[in-house]
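Sequence order for the protein chains is A and B. Each residue of the first sequence is one higher than the one before, starting from 1 at the first, in the numbering used here. Each residue of the second sequence is one higher than the one before, starting from 1001 at the first, in the numbering used here.
Hints are computed from structural coordinates only; laboratory data are not their basis. These figures come from a predicted structure and were not determined experimentally. Beta carbons are placed, not taken as given, at the ideal position from N, Cα and C, and that holds for glycine. Treat the hints loosely; a few may be bogus.
In silico PhoX-like cross-links for lysine-lysine, where the CA-CA straight-line distance does not exceed 25 Å [to be verified]: (1) A/Lys248 to A/Lys49; (2) B/Lys1006 to A/Lys431; (3) A/Lys431 to A/Lys499; (4) A/Lys499 to B/Lys1023; (5) A/Lys630 to A/Lys533; (6) A/Lys249 to A/Lys165; (7) A/Lys630 to A/Lys471; (8) B/Lys1057 to B/Lys1023; (9) B/Lys1023 to A/Lys249; (10) A/Lys248 to B/Lys1023; (11) B/Lys1006 to B/Lys1023; (12) A/Lys171 to A/Lys38; (13) B/Lys1057 to B/Lys1006; (14) A/Lys171 to A/Lys36; (15) A/Lys281 to B/Lys1006.
Across the chosen pairs, the derived CB separations fall in these ranges [unchecked claim]: (16) A/Val309 to B/Lys1023: 40 to 50 Å; (17) A/Gly473 to B/Gly1051: 29 to 39 Å; (18) A/Thr53 to B/Ala1011: 22 to 32 Å; (19) A/Val472 to B/Lys1023: 51 to 61 Å; (20) A/Trp529 to B/Glu1076: 46 to 56 Å; (21) B/Gly1051 to A/Asp134: 35 to 45 Å; (22) B/Gly1051 to A/Glu198: 43 to 53 Å; (23) B/Thr1038 to A/Leu492: 52 to 62 Å; (24) B/Val1077 to A/Pro189: 40 to 50 Å.
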Amino acid sequence: MTHEPKTGAARPPIFALVGNPNCGKSTLFNALTGLKQKVGNYPGVTVEKKTGTAYSQHGHPMTVIDLPGAYSLAARSPDEAVTRDVLLGRRADTPQPDRILCVVDATNLERNLYLVHQILDLGRPVILVVNMMDLAEQNGIHIRIGHLEQELGIPVVPCEAVHGKGLIELKLAMSRAEPALPRHAWDVPAAIAPAVSELQASLVANDAKAPLIARAEALLLLTDQDAMRVAGSTPLSARTHETLASWKKRWENEGTDWAGALVNSRYDAISQLCAQVVQRKDTSPGPSVSDRIDAVVTHPFWGWITLGVLMALVFFSIFTLAEYPMNFIDEQTAAFSDWIKDKMPEGELRDLITDGAIAGVGGVVIFLPQILILFFFIGLLESTGYMARAAFIMDRLMSSVGLNGKSFIPLLSSYACAIPGIMATRTIEDKKDRLVTILIAPLMSCSARLPVYLLMIAALVPGDRVPLLTKVGVMLLMYALGTFGAFGFAWLFKRTLLKGEPSIMIMELPPYHMPRIGDVIRQMFERGWMFLKRAGTTILGISIVLWFLSAYPKAPGEPTDTEQLEYSIAGRIGQTLEPVIRPIGFDWQIGIGIVSSLAAREVFVSTMGVVFNVEDAEENTEPLREALLKATWPDGRPLFTPLVCFTLMVFYVFAMQCLATLAVVRRETGSWKWPAFQLCYMTGTAWILSFIVYQGGRALGF
Amino acid sequence: MSALSKLSQLAVGTTAVVREMPKTGSAFLRLREMGLLTGTTLTLVRTAPLGDPLEVKVRGYYLSLRRGEAEQVLVEVATQS
């Protein structure tokens, strides 16, 4: 006869999985739930919501919510705020968990127990999972599990999630019908105890909290002086705020360090516990493997070499490995398009599907291989522990513009594509730092700008052959412009618009781990799918709109593609735009290119092909280059003078020409406000700089 | 008992005990929650290649913090035993 969990009849019991970052929580979650996972988002915040189903030994389903890693319930980042809010039952979108699985790293029990200590205050059933037992033993740390269980009064399960050890025991503990409640008594400092009871009473009376939760909330309010709020959590009543404020005032007058005292007394209790539970065998184990790796990786000279070589390798792989799948996608979209052309009768609908939808979405999906490879490397760097070292090394440089080292990898990724870069900013805890990083990321010249640069460089240089050095020089200049522009704007934003506390760099440097390739690949696909869903659907809509703009109204008679484009709304938009872009040396034909390349920057090249009636413009720049050089203004002046080509490149460095990026920024920031701002400031800067370059160049006689 | 010095002025490899740190500021609350409190023993492991931030070993793990914060943490160098 099996015991049904108490809540089993209505719904499976809900377990929340919590723990410090780097404690092996995600590996445990994957091991528990296998492929039965759902990845989504907490509404209003860009924090991943992962839910999965685990099965007990008797086959009963159990829901597991993988909460973001946190060091403390006094949240400092949106991630930690979500963890706190779910545990306290403050979020309407997530049911309060029935039981809590706390994962701790056996090699670092003391600091890991701090969060556990806060969670035990909640008075909910808790199971403690002591992970990485093998690593602890290797380091000469022995943990007396039985003793820990006795002291805390909760089930404690030793575990090696990486090797799948301890999972059966954990599932048995999870399916036990009557969960044990923690025996958790610790001495709240005497000066603070009355405030805790008063706040607790107010929370029960005015905020309808259960007594134990109210006590935990009270302790948290006293630790966390300016609590981090995120969308979706319920605010506290005014009465409770008043009580809190009056106590704070009193302590400030008395000079009581209330928050410090609370943290101190928790750590005192933890130290006492660890003294009984942790036995260290080896007194001088010598430098660990991580120590030895770090001696090289953060070395004043070899550290830079390592960073440089790793990043070069990443980029080399992105551009070489991605080529084959990109060609494949290109061929497949073409084949699919041909297939539709074959199956469907000729007409508007067919053109809409092939030239609008398929071509448009294909133009963005073609970057998917690059994006996936980038996600793979970001995941790999994260899971080995190198990411923290890169941030450690780069922090000094990033701090000169007011950011911290954690912005480095997102910005670097943006040289391939801004989208994975922007999605990688989630590791930045400070909200304003993260926003600044998102705002400047698209200024890094991404791979979609390359075809535009290449075409313009080809057209820029007179004569048949472009000297390699000029090519490389101009190209580097464009990359430098974008990079310095980005740092300039970061500096500006941190001083004006997003002024805040100076950023801090309190970060754990976790021990190096062998990466779990399976987990990295799983994460890569999750993020890749997220990109496809967001960018793909937006781009589908926009591609259809852009197709209509270029296909209607129909030119009379039997127009060529070029004539049709001129006659269409897109052509007219180009003409309407001309007064705006004439001061920077562009005519309406270039205007069409700019409008159509909002789908993706490299579309500029194919649009120029249609505008100047060149077959296969994408395959070979040579005929297109010839056509560009022949193009003139109505009065016969050449259109693509070297100065105009150069100006156009400068324009593309700065202009926000990627709607897919804007769609992702909208998702990551939760509103249209920031993408709109980004569009304005980037494109505005592009116009102003182009104006300076073009008019200045003309004045100098170019 | 030796005199107090700033954490930022410790020589690399030195072990010391925290004696004083600011009571307010979210950075110091976070340091406390990460286990760096008055009375905690720590070792300065290294500085980043450009001299900032610092890496300390505390309670068996490694933590980075900037010089700006380290300057406000006063430590007493542990006597060699």
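Consistency of the hints with the structure:
Between A/Lys248 and A/Lys49 the CA atoms are separated by roughly 35 Å; this puts the pair beyond 25 Å, and the hint is violated. Under the criterion of a C-alpha separation no larger than 25 Å, the hint pairing B/Lys1006 with A/Lys431 is inconsistent with the structure, at around 30 Å. Restraint check for A/Lys431 and A/Lys499: the C-alpha separation of about 11 Å stays at or below 25 Å, so the hint holds. Restraint check for A/Lys499 and B/Lys1023: the C-alpha separation of about 24 Å stays at or below 25 Å, so the hint holds.
Restraint check for A/Lys630 and A/Lys533: not satisfied, since their Cα atoms lie roughly 42 Å apart, outside the 25 Å limit. Of the supplied pair hints, the one linking A/Lys249 and A/Lys165 is violated, its CA atoms being roughly 51 Å apart against a limit of 25 Å. Simply put, A/Lys630 and A/Lys471 have alpha-carbon atoms about 21 Å apart, close enough for the 25 Å limit, and the pair holds. For a cut-off of 25 Å, the pair hint linking B/Lys1057 to B/Lys1023 stands: about 22 Å separates their Cα positions.
For the proposed pair B/Lys1023 and A/Lys249, the alpha carbon gap of about 15 Å is at most 25 Å, so the pair holds. About 13 Å separates the Cα atoms of A/Lys248 and B/Lys1023, which keeps this hinted pair within 25 Å; it holds. For the given pair, B/Lys1006 sits about 16 Å from B/Lys1023 by alpha-carbon distance, which is consistent with the 25 Å threshold. Between A/Lys171 and A/Lys38 the CA atoms are separated by roughly 20 Å; this keeps the pair inside 25 Å, and the hint holds.
Taken as a hint, the B/Lys1057 and B/Lys1006 pair is honoured in the structure, with Cα atoms around 16 Å apart against an allowance of 25 Å. Straight-line distance between C-alpha atoms of A/Lys171 and A/Lys36 comes to about 16 Å, which keeps the hinted pair within the 25 Å bound. A C-alpha spacing of about 33 Å is found between A/Lys281 and B/Lys1006, which places the hinted pair above 25 Å, so the restraint is violated. Separation of A/Val309 from B/Lys1023 is about 45 Å and conforms to the stated range, judged on CB atoms against 40 to 50 Å.
Remark: the range hint 29 to 39 Å for A/Gly473 to B/Gly1051 is upheld by a beta-carbon distance near 34 Å. A beta carbon spacing of about 54 Å between A/Thr53 and B/Ala1011 contradicts the range 22 to 32 Å that was offered as a hint. The beta-carbon spacing between A/Val472 and B/Lys1023, approximately 56 Å, falls within the hinted interval of 51 to 61 Å. About 54 Å separates the C-beta atoms of A/Trp529 and B/Glu1076, a value consistent with the hinted range of 46 to 56 Å.
Checked against the given bound of 35 to 45 Å, the beta carbons of B/Gly1051 and A/Asp134, roughly 37 Å apart, stay inside it. Distance hint for B/Gly1051 and A/Glu198: a CB-CB separation of about 48 Å, consistent with the stated range 43 to 53 Å. Judged by the Cβ atoms, the range 52 to 62 Å given for B/Thr1038 and A/Leu492 is violated: they are separated by roughly 39 Å. Checked against the given bound of 40 to 50 Å, the beta carbons of B/Val1077 and A/Pro189, roughly 29 Å apart, lie outside it.
Checked against the numbered hints above, the structure breaks hints 1, 2, 5, 6, 15, 18, 23, 24 and satisfies the rest.
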